[in-house]
Structure formats: structure tokens, C-alpha cells
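From first to last, the protein sequence lines are chains V, P and Y. Residue numbers are given in this note's numbering: position 75 of the first sequence equals residue 75, and the series is strictly consecutive. Residue numbers are given in this note's numbering: position 29 of the second sequence equals residue 1029, and the series is strictly consecutive. Residue numbers are given in this note's numbering: position 156 of the third sequence equals residue 2156, and the series is strictly consecutive.
Derived by calculation from the structure, the hints in this document are not laboratory data. No incorrect hints appear here.
Among the chain Y residues that face chain V by a calculated CB cut under 10 angstroms, a handful are:
#1 Ala2017
#2 Ala2074
#3 Ala2086
#4 Ser2089
#5 Glu2094
#6 Thr2095
#7 Ile2098
#8 Arg2102
#9 Arg2114
#10 Asp2117
#11 Lys2129
#12 Gly2135
#13 Thr2149
#14 Glu2151
Pairs of lysine-lysine, DSSO-like flavour, derived with a Cα cap of 27 angstroms:
#15 P:Lys1129 <-> P:Lys1159
#16 P:Lys1136 <-> P:Lys1123
#17 V:Lys203 <-> P:Lys1142
#18 Y:Lys2084 <-> Y:Lys2129
#19 P:Lys1159 <-> P:Lys1123
#20 V:Lys203 <-> P:Lys1132
#21 P:Lys1132 <-> P:Lys1142
#22 Y:Lys2159 <-> Y:Lys2084
#23 P:Lys1132 <-> P:Lys1159
#24 P:Lys1137 <-> P:Lys1123
#25 Y:Lys2142 <-> Y:Lys2129
#26 P:Lys1136 <-> V:Lys203
#27 Y:Lys2137 <-> P:Lys1159
#28 Y:Lys2129 <-> P:Lys1159
#29 Y:Lys2129 <-> Y:Lys2159
#30 Y:Lys2129 <-> P:Lys1129
#31 Y:Lys2159 <-> Y:Lys2081
#32 P:Lys1123 <-> V:Lys173
#33 Y:Lys2142 <-> P:Lys1159
#34 Y:Lys2129 <-> V:Lys173
#35 V:Lys203 <-> P:Lys1137
#36 V:Lys203 <-> P:Lys1129
Using N, Cα and C, we set each Cβ at its ideal position, and we do this for glycine too.
Residues per chain, in single letters:
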Amino acid sequence: MTGSVQNQLFSEADAIACLVRTEAFEGPLDLLLHLIKKNEVDIYNIPIAAISRQYLEYLDVMQELNLDVAGEFLVMASTLIQIKSQMLLPQSIDPEVDDEKIEDPRAELVRRLLEYERYREASMELASRNLLDRDVFARSFIAPELDALPSAEALPELELFELVDAFRRILAKVPRENFHEVGSENISIADRISDILDFLQGKETVDFEELFAGSNTREYIVASFLAILELCRLRMIRILQYEIYGRLLIRNTVILAADPAVE
Amino acid sequence: MSESVIREIVESILFVADTPLSFDRLANILEEFDRDEIRRAIDAITADCNSQRRGMELVLVAGGYQFRSRPEYADYIRRLKKVKPARFSPSALETLAIVAYRQPVTRGEVEYLRGVDSGGILKSLLDRKLIKIIGKKDIPGKPLIYGTTREFMETFNLKDLASLPTLREIEELADTDSDFEQVPLPLPETA
Amino acid sequence: MSESVIREIVESILFVADTPLSFDRLANILEEFDRDEIRRAIDAITADCNSQRRGMELVLVAGGYQFRSRPEYADYIRRLKKVKPARFSPSALETLAIVAYRQPVTRGEVEYLRGVDSGGILKSLLDRKLIKIIGKKDIPGKPLIYGTTREFMETFNLKDLASLPTLREIEELADTDSDFEQVPLPLPETA
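If we strip away everything but chain V, and leave its shape as in the complex, we get (with noise of 0.2 angstroms):
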């Protein structure tokens, strides 16, 4: 394809009305597998120069409709010159090296776009299944029968997703200065202060460096000192030193409640 006719081809009238009546693509991968089948070639020998040069193409297009060219996009298109590149550098110049065994440098590209196609039919046999609530119906509300009878409660469907996302709402609404990092390392502080405080259950003192014997990884340490800490801010523990560089002793302070009653 010359630039002449890539001109003619994408006059502004003709991209608008392509652009009415064409669909988005995917991603790179999805552009790259259209221009594949436009072109017939076999997949499995890709001439790469052509196709780099029409994927190039499109992406000129894309931007002077102004449309936002994801990065994506453009990591495609130096894959792209990059195995262009190396197709045109002589095979191999070391006799010692058996030709068969170099890869093709289209090989990696290659897998991926056979395997992103595999998905995408999968995604559309997905789609053509006896969907429910567009093809097939159930009844998955409650039954007139069934709403006059008292309801008894079994264990709550909860997922993951759902307590974080909440927790995430709350804090949407909560000033962020009253409220610093939460991040992994506080969860996992989370883990030591329970560890703590389990180990120090029906103890009266523990030697302070036995509550880092778990494990001697830094983070095990620097998650456990913190726990401690926040333990002693909370005013769960007590820290103590009968003398001047003698050891320290941790002291649960804490009233187990007898009556797990709400305040």
C-alpha cells in the first residue's frame, strides 16, 4: 500500500463514516489479527514488513482524528520494527550455532496472537450461550409461598471484593489527613498484633524478644516491633525494664471481657 492511496483511503469524509460503521478494537493485539485476516496471510508467517507498515498506519490515522492512542498501542508498534529489525539481520554467523535451533523473532508474537484469538472465540461462545435474563428467565425472586414463612439465617454470602470495596467507600468520606497509609504492611501488623496477643493469653510477663521468634525475616521483625507498639499505644501491653540495659519484659494489661456484651 502506498502513502498515496493510505491518503485517498483516509480522506476526512471516508474516516468519519468509517468510524460510524466500524467497530472499536480491543487492543493491539486485536488490531494486529484484523490486518492479519484483511490481508490473508497465514499466521504462522507473517510478513512482518508489510504489516508493521500498514499497523503504523492505523496508528497515524488514530491520531490525526485525534483519537487517544493508548500506550499499548505503541509498545506494539516497537515489537513490531524491533522483529522487523532482526528478520533483516543475516541468521547466524557463528558456524557452531545449529540454525534450526534459533527461533523465529516472529515466534513470541506469533504464540500471543494465536492465544489472544483462542480467548476471544471462547469470549464469543460465551456470548452466544442461553444467557440468563437476556434469552432465559428464572424465578429468582422470593415466592408468594415462601414470603409468609419466618426467615431463618445461614451463613452470610460475603466476597472479598465486597469488604474491601466497603471499606474503601467509608474511608471516600472520611478527610484523608485523620487517616494515614493502609496499606499491606498494615494488614500484616494486623497478623502480629492478633499473633501477640494470642501468645500472651493467660501469660502475666513474656520476655520481649520471644515475641520475635517466629520468623527472622526483617519484615517479620519490623511488622512485629510495630505491632508491639501500636499494642502499646492501645495500652494492651505494658513494656517494663527492672534495670538499666537488663531485659525487657512485655506485660499483658489486658481485662479479658467475661461477658462478650456491647458496651
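Since chain V is already given, all that's left is putting chains P and Y on it; use the hints.
Below, chains P and Y without anything else, positioned relative to chain V:
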């Protein structure tokens, strides 16, 4: 269209309807059919349910037609209700999330975050064994401190608390709105 | 109790249930009957729905039995429901297919296979409860891993995950592994 197909169509509509459907409503939905055809279909379904002794019958309630399970099997149906899983209210979910992510946490802290009294909800989460009282803070008022339980971990199939997804991870998903997704690209008809 | 009465009881329970009922659950509810009797009842109902051309059929979905309206009457039922049927964008379907076939799968793996950022789509599939967070992968960075839900199977009318349509075999590439599907994706360690 054959009488038996109309019968099937009427049956499928009555089957999925969550309220009784009046004859007029049914005739309205099935505008391409004669009212007589629809009437015959209803009669045929009613007769079928009785003669073939199906598990449900077509009854006329509150001016409309509705499939109902046969009353003589009410005892069996009641057992179905007994094992229905509980739905979690949004406020219970919120409270549980705060306890999970901020533990060890006091009621005061929960209420600060939620902005509303949370005593009743904490109580019900305690009853459901999803949270527990870890202890009392040694400060005036001796507020109770809450944490999650082993049952909580089992409910969510968590190995440890560190396996809880972090806020950051969810926000990363939400932030990356791939806005190019819906943009149609121009395709030349021919190369 | 006669075989036909058991059939009616099973039918009435399946009719009233608002979710698919697994065979075990059904056998639990109907504890006084043999599992064989219940099995025969289910088979008889399934056969009846088909031979007598009823408005609904009994299907096995998400590991349970559920009555569903016949797909050929969807147009009529939509007039009753007056809701727009759920739509899936091609990207949502693509992502869903990858999660379904490769679960447990990380966001990084989905993005490698699709070739595009997929955070926003994963989030919306989570919101629609079609996928769920299973936990975290035990590799550096501990990325979240995703899988499909019971709702996914219910929505797509799947008996279980094993009944997903088989993926087309990929012709062997010269010099590549034959069981391509099992090859780990060449991803950077931290996703």
C-alpha cells in the same frame, strides 16, 4: 401459530412473573394473539396442572393468574426456606470492613468512621461470630476492643489477615479506566 | 409414597427455589426419600418438560437444578420484564473468558494475554459479581488472583467450569512446546 405454542408462551410468561398477571395485562403483552387464544391457553394450562398432577397449579389471585406450588407440599417447601443464606446489610458490611481493616479497633473508632451509632451492628456481628472482643482498653471508660475471628477467615477463605486485598490494590483497578476501550477506530473497507 | 407424588414434591421445590438447587441440597431437604427416588423424579421432570413442550425446562446450572424459561420465548418475556438485557462489551467478554479458562489468574496475566490494561474491566466484572478475588499469589509483589463466581455460571448457563466450551487447539508452532496452555506466561515477577 399453533395452539400448543401459544400455550407454551403463556406458560413461560406466567412462570417468570413475580406478581399475578391479570388477563388484560397478559393480552397486552401478547398483543399479536386473540384474546380467545389466550383464554384457551390459560384453561389448558390449568387443566394440565390438575390432570397431570404437577408440583404447581395455576391460581387466580388478586385478579391475576399466578403459578403457585401445591399447598399440600407446604411442609417440604418450608424446609427450603430454612437454609436460605442470609443477606448482609450494607451497614453490617461496612462495619465488618472497618473491623477487618482497622483491627484492633474500638466502637468509638468504628463510629467515628461510619458517622453513626454502631452498637447494634457490632452486637449482631458478634452474634454471628464474625468479630470478637479482644479485650478492654486500659483507659477511662474501658472501651472494648474488637477484632475478626477464625470464622471470619473461613468465610472469606483467608489464610491470614495479610491476604486481605489492600485498598491500594482496589483503587489501582478503579483508577485505570481504559478510556480508549469504547473508542471506535476507522477501518477501511478494502485495503 | 408413590413415584408420581415424589415427582410433584421435587417439582414444587424446584419451582419455588430462587437459586439452582444442588442434588445434595435437594436430597437434604427431602431426607425421607431415597436418593435414587429423587434422581428418578428429576429425570422424569426433565423428560416431561421436553416431551410435553412446556414453557420452561429443567436445566443443570452452577451445580444445581433450576427451571428456566425456554430461550425461544425470550422476546415475549422481555415485554413482561421491561428491563434491558444485560450487555457485555467485547472487552468484558474477553476478560471474562481469560479469567474463566485460566483461573486463578492475576491482573498481569490477563493484561499480557489481552495486550491492554485491564484494571477497569476487572473492577467492573467484580462489581457485577461475575468474578471474585480468590486471594493473593505467592510470588513477589503478592498480586491478587481472580476466579469466576457462581453468578458467572448462572449467567452463562454453565453446569460447572468443566463444561466451558473447549478452547480451540492451537496448531503446533515449529520448535514450540506442544502443551502450550500450561506454559507459564513470560511475565515480570512483580505484576
